[in-house]
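There are 2 protein chains.
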Amino acid sequence: MTNPVCLSVDAMGGDHAPEAIIAGIDLFAIQANGKVSKILLHGQQQVLEPLLAKFPNAAKLCELRHTETYVAMTDKPSQAIRRARGSSMWNAVRAVKEGEANAAISAGNTGALMVLGKVLLGMVKNVHRPAIAASWPSPDGFSVVLDVGANVVCTAPQLVEFAILGEAFARIVHQKESPSVGLLNVGTEDVKGNDVVREADQMLRAAHLKLNYAGFVEGNHISMGRTDVVVTDGFTGNVAVKAAEGTAKLAAMVLKESLMSNWLYQLGALLSRGAFLKMKDKMDPKNSNGGLFLGLGGLVVKSHGSTDAEGFANALHVARRMSASNYMEVIQENLSAFADGQQEKTS
Amino acid sequence: MTNPVCLSVDAMGGDHAPEAIIAGIDLFAIQANGKVSKILLHGQQQVLEPLLAKFPNAAKLCELRHTETYVAMTDKPSQAIRRARGSSMWNAVRAVKEGEANAAISAGNTGALMVLGKVLLGMVKNVHRPAIAASWPSPDGFSVVLDVGANVVCTAPQLVEFAILGEAFARIVHQKESPSVGLLNVGTEDVKGNDVVREADQMLRAAHLKLNYAGFVEGNHISMGRTDVVVTDGFTGNVAVKAAEGTAKLAAMVLKESLMSNWLYQLGALLSRGAFLKMKDKMDPKNSNGGLFLGLGGLVVKSHGSTDAEGFANALHVARRMSASNYMEVIQENLSAFADGQQEKTS
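Chains as they are written, first to last, in my numbering: chain A, 290 to 636; chain B, 290 to 636.
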């Protein structure tokens, strides 16, 4: 796409907002170097103006849109949703609806962002429920896991829709030519699992989609990158990605503690410091930050609530890549083929 | 318990059986040093006798029980179950039923072991379905996760039963005085999750069990050791533990590759080799090998199919600790209290 990309940012969402958000935009402005024409920055003018004065690269890119209210990170989901209307998050998403921006980005309350995404942008045709897609490191890059929390219970057709949505995401954001898609299960034999995954497996095999479906995968295959995309319900996906995060953290903790336990190890660690930094970088959740709400009628990127500037810059890159792509058209072919097949079965 | 412990081993189950099994018993015989009086060894005499000749410590402890047939690792679940009757696995479990041995241990086909455990040993009173409990490293020791694969779909009362079974397991095998128990969910707020986990949470709060219930935990809390026991259904638990395994493997791969990438890092790695070994040891699945089928009318320990000698020795230690404990009595108090409460509700 040659059109200039415009992004719409909720400056007030996130544990370290708005400082980390503005610092992240500043970093992104340098990295993206002209690939984004403008960022609409939604939040309290009195708070954001002094920050923009400190970050000149961000200031050059941003157009400040004052909004007095915002959704607090400590709000309970029900509160958050009540407060969402007219907030900085609301206005960030509304700019996408009104065609002013290509994508909205927020590190704020996930539940509220999801609900107002649905209210303002509606769903893509032939998608029943949105899914959150997350990226997780694998030996050759990243695995895309979805859903990681939008739907705690899923039907088989929903899982097929997630496969279609996630496959296009992997193609665009992780630049895989023909991403393979696996269905998460407790074993790879076709008798394993519950009724929903077995039905989804049958559907994926029968639907004749333009999609490289590889069958069942197991939990360890996420980090091992057995397939580029791992499809599951929002309960299992959320637990799996968090279990992986916890383990990466434990491994780093144990290693650090062992290395500090005597001076010889410390000396060795000093010499091979570069290697540790490489490992840390590979396993760093910041580098895979930027989950997407797939299936909505517009692009909404969810950054980790606890993100720092670097992580937020990464979420902006995800939004930029998706904005510059023809994602919405790409998914329509498979979605229509699947919906037509489903209709034939019931008619 | 002052009575001598007798264990019953399926020598033919496992990817590296029977070599790894006999080598594991040999290692265990040295480590356990007199704490086990006898091991009944079930399998093909013509194969096992030459092996026992090579492992004198194992030979001293083992009483060979010839069995011609065995369940192959490559058998499909349905085949495996048909072949199970009269196999080495069958005889290993039957010795527990007949009071000859305190616990059975197999690295063979999980599905077959589960089915014949139920057929031969029945269920503990007030437990509806057995669960497989696995141990996973945490900063201070191990977290117990259950179920990791016996039940892909669970009801809320089943999750409460798992909490009771797992709590006693953590107390005995990991020697925690009052293990805390968490219920795996996608968030810690009480509105999160699906109906089953919310109902189980209410039940655990209301049941007045002798149990340190800590509420909901998330996937990352498994490796972080937020609670000593993590209760979940067999689908989610299987995915979570495998996701953690995959991530530990990825972290080790990435670190090794980085350290080998130039001579300075290699030198550093050489100096701090001891620290890496400590980390490797901590994250090594071998050290947490030995899952238990909890809820059966007798003790059955499932070793990882791919186990080596060291891992199998560890599974034997789990069996020994459980055998020397009063596990069956320990769980009865909580199980009865819960069953009585459930009955009152329905009457």
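Think of the hints as simulated: they come from the structure by calculation, not from any bench.
Certain hints may be false.
Claimed, not checked - Some but not every residue of chain A turned toward chain B, in silico, with C-beta under 8 Å:
(1) I319
(2) Q320
(3) N322
(4) P428
(5) A496
(6) V530
(7) K538
(8) L548
(9) S550
(10) G563
(11) H606
(12) Q631
(13) K634
Glycine residues also receive a C-beta, built at the ideal position from the N, C-alpha and C atoms.
Here is how each hint holds up against the structure:
1. I319: violated (27 Å)
2. Q320: With Cβ-Cβ at 24 Å, over 8 Å, it is violated.
3. N322: Interface hint status for A/N322: violated (29 Å vs cutoff 8 Å).
4. P428: At 7 Å from the nearest chain B Cβ, A/P428 passes the 8 Å test, so the hint holds.
5. A496: It is violated, given that the least Cβ distance between A/A496 and chain B is near 24 Å, above 8 Å.
6. V530: holds (7 Å)
7. K538: Nearest chain B Cβ about 7 Å off; hint holds.
8. L548: holds (5 Å)
9. S550: Constraint on A/S550 satisfied, holds at 7 Å.
10. G563: holds (6 Å)
11. H606: At about 22 Å, which exceeds the 8 Å cut-off, the nearest Cβ of chain B leaves the hint on A/H606 violated.
12. Q631: violated (24 Å)
13. K634: Since chain B brings no Cβ nearer than about 25 Å to A/K634, farther than 8 Å, the hint is violated.
Checked against the numbered hints listed earlier, the structure breaks hints 1, 2, 3, 5, 11, 12, 13; every other hint is satisfied.
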